[in-house]
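Chemist: Going line by line, the protein sequences match chains A and B.
So for the first sequence, numbering that gives the first Met the number 0 puts the first residue at 0; every next one is plus one.
So for the second sequence, numbering that gives the first Met the number 0 puts the first residue at 0; every next one is plus one.
Hints in this document: simulated from the structure, not taken from any laboratory.
Be aware that one or more of the hints could be misleading.
As the list claims (entries may be wrong) - 30 Å max Cα-Cα, derived DSBU-like pairs, lysine-lysine:
1) A:K123 to B:K403
2) B:K407 to A:K120
3) B:K72 to B:K31
4) B:K56 to B:K96
5) A:K76 to A:K125
6) A:K50 to B:K382
7) A:K123 to B:K407
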Amino acid sequence: MLKINNLNANIDNKSILKDFSLNINPGEVHAIMGPNGSGKSTLSNILSGKKGYEISGEVLFENKNLFELETQERAHKGIFLAFQYPLEIPGVNTNIFLKTSLNAIRKANGEKELDAIEFLKLVKEKSKELKFDEEKLNRQLNVGFSGGEKKKNEILQMSMLSPKLSILDETDSGLDIDALKVVSEGVNSLRNKNNSFLIITHYQRLLDYIKPDFVHVLMNGKIIKSGGPELALELEKKGYENFN
Amino acid sequence: MTEKIKIDFEKTLKNSAFSEKDIEFKMKYLNKFIESGLPNRKLENWKFSDLSQIIQKNIGELSFYNDYSIQNKVDTSIFVDGLEHNKIIFINGRVEKIDFSYEDHNKVKIDDHFEFRAESDNNNSLLSLNNAFTNKCFRITIKKDYSLKKPLVIYHTTNNKIKSKNINLKLEFELEQNSSLRIIDLLKDESVNNFINIFYNFNLKENAILKNYKIDKILNKNIRYLFNNIEQQSNSVSETFILSSGSNFSKNEVNCNLNGEYSSAFVNGIFSLDNEQQHEIRTIINHLVENTKSYQLIKSVLGKNAKSAYQGKIFVDSKAQKTDGYQLSKAILLDETSEFNAKPELEIYADDVKCSHGSASGSLDENTIFYLMSRGLNYKQSKELLINGFLLDVIEKITDPEIKNLVKNMIGFKE
Ligand SMILES: Nc1ncnc2c1ncn2[C@@H]1O[C@H](COP(=O)(O)OP(=O)(O)O)[C@@H](O)[C@H]1O
Ligand SMILES: [Mg+2]
Chain A
0 MLKINNLNAN IDNKSILKDF SLNINPGEVH AIMGPNGSGK STLSNILSGK KGYEISGEVL
60 FENKNLFELE TQERAHKGIF LAFQYPLEIP GVNTNIFLKT SLNAIRKANG EKELDAIEFL
120 KLVKEKSKEL KFDEEKLNRQ LNVGFSGGEK KKNEILQMSM LSPKLSILDE TDSGLDIDAL
180 KVVSEGVNSL RNKNNSFLII THYQRLLDYI KPDFVHVLMN GKIIKSGGPE LALELEKKGY
240 ENFN
Chain B
0 MTEKIKIDFE KTLKNSAFSE KDIEFKMKYL NKFIESGLPN RKLENWKFSD LSQIIQKNIG
60 ELSFYNDYSI QNKVDTSIFV DGLEHNKIIF INGRVEKIDF SYEDHNKVKI DDHFEFRAES
120 DNNNSLLSLN NAFTNKCFRI TIKKDYSLKK PLVIYHTTNN KIKSKNINLK LEFELEQNSS
180 LRIIDLLKDE SVNNFINIFY NFNLKENAIL KNYKIDKILN KNIRYLFNNI EQQSNSVSET
240 FILSSGSNFS KNEVNCNLNG EYSSAFVNGI FSLDNEQQHE IRTIINHLVE NTKSYQLIKS
300 VLGKNAKSAY QGKIFVDSKA QKTDGYQLSK AILLDETSEF NAKPELEIYA DDVKCSHGSA
360 SGSLDENTIF YLMSRGLNYK QSKELLINGF LLDVIEKITD PEIKNLVKNM IGFKE
């Protein structure tokens, strides 16, 4: 599904990702763990098409060159990024945003757009599953939301859009244990043989609830070790400083 | 200009039936105008938009004579759909229709030949021009305790039959105690390169409520000046909303005198401009007695080579303790050539007051655009959503729900 070959990324001549390679097959869950500043968000942003990086290397999504696609086209093809810091957008109603987003993606894929009633039914159902306070849906997007609510809102968007590849950038940080469980259930319910996940996290805690198939350790823009779920535990025990 | 204006003035007098008193009045203001000329950037008030130059550049020499004896045909297709309303229709500066058929006739009084009278403190040369050339000044009185059932839509229209380069309109509104009036000014021009000079005078008695929504939305090549003078007695409320978007050049001035305790004034505005448009809002709120309040929120969205300016003055008299005055302006600059100027002015002579002002401008936030695009919206959709979001709180300030929806539809807000 996703093939990253020797990806290099610079900002202002500073090298951030160095010969980064990763292969994710349909149905797989990969976790990337790394200390602050190791390049995790940079990777997520590049996969979603954020501008401002000097990039070399190759990224293929379903065998297509990802760099030829604009950000919204990547979303249409099924890439979703749950932001580490979801943005507050004053004046934009959460429901209207969700509906615009969902219908933009449906339209791009030749599917029928949902009308107001169909949309509300779906969003109600999904909010319930995620224990997301429905009243928040009529508020301005993320404005006045707590950290946890913002993260849940990301997962709500994810489950509304049911993407093929979901990238979760530190979705777990700032969540209490109950929220963590709910978010994990949201992810697990989307798991199937076609959908893949790239879970970016700092702590192994989340991986107790979302069992990854592979764990990669990212340091200074490079994967220094890959393995199974046991790698996360090892990392937790040793800490990043002593890990090598 | 002097020769031309004198000739046109003579012609105007010849073709009208002004009383001697009127003529004397008009002569006086003609001479006043000739003396001062069109305002230019040397005047502090006009430092952001030199009207004299703008007229010179876009129109060239002005002409002033209009034949008001000929009736113009009213194009009913321009009427606002889905909103029952009273009407005043101006075509090329002539009042074609005044229609208050929704109202109780004893409660709305229309004086169609209201005697011209001098304004106090008149250093505004455009008012002089207006006094010299306005054909008729109507005065509309809303009687005590009466609230108009339907809003009044004032249609400002021009078409290509217009003879002169300049037209002048004037209306007076008297809101007696405890009365209320909602006005929508709709600007709709088919003529090009005219200078349109509009004066409104509002007199709000105790407990009166005025809501005035000025909608300049349809692109046109005209130059427009609108002046609102609002006098307020105690407990009266004025709400002015300005959508400043369609004209090539526009300047709205609001001068509001809070003469009675617990009176309050709200001025909210949106500039949505592109392609060389230049608009300005200037307000002067005079807090003259205790316990008065003013609130102003002005937002700009500016495209290529578009300029907006907001000059907001809050004056607090030494008697005006417990004044509450607030103003905020924000701008989104969509292009490096966009320009927003804010000149807040606080002149405060009382010590127990609460006054604040603020101003901010910046470009669209790229991170936010990225966030929206990562959800499948294209750049244009993302930009529109952000701009609508930015403008929403100004629109939400419209206190009349029916008119709020009308404005939302006009701007293209999606729900
Ligand atoms: N816009 C930027 N400009 C300059 N440096 C940046 C920018 N974004 C990230 N960096 C740098 O890139 C490195 C990786 O950042 P990031 O990808 O956010 O790390 P992580 O998400 O792993 O904490 C850090 O050293 C950070 O300072
Ligand atoms: Mg990060």
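Chemist: Now tell me if each hint is right for this structure.
Modeler: Evaluation of the provided hints:
no.: 1; hint: A:K123 to B:K403; in the structure: holds (29 Å)
no.: 2; hint: B:K407 to A:K120; in the structure: holds (26 Å)
no.: 3; hint: B:K72 to B:K31; in the structure: violated (35 Å)
no.: 4; hint: B:K56 to B:K96; in the structure: violated (34 Å)
no.: 5; hint: A:K76 to A:K125; in the structure: holds (22 Å)
no.: 6; hint: A:K50 to B:K382; in the structure: holds (16 Å)
no.: 7; hint: A:K123 to B:K407; in the structure: holds (27 Å)
Checked against the numbered hints given earlier, this structure breaks hints 3, 4; the rest are met.
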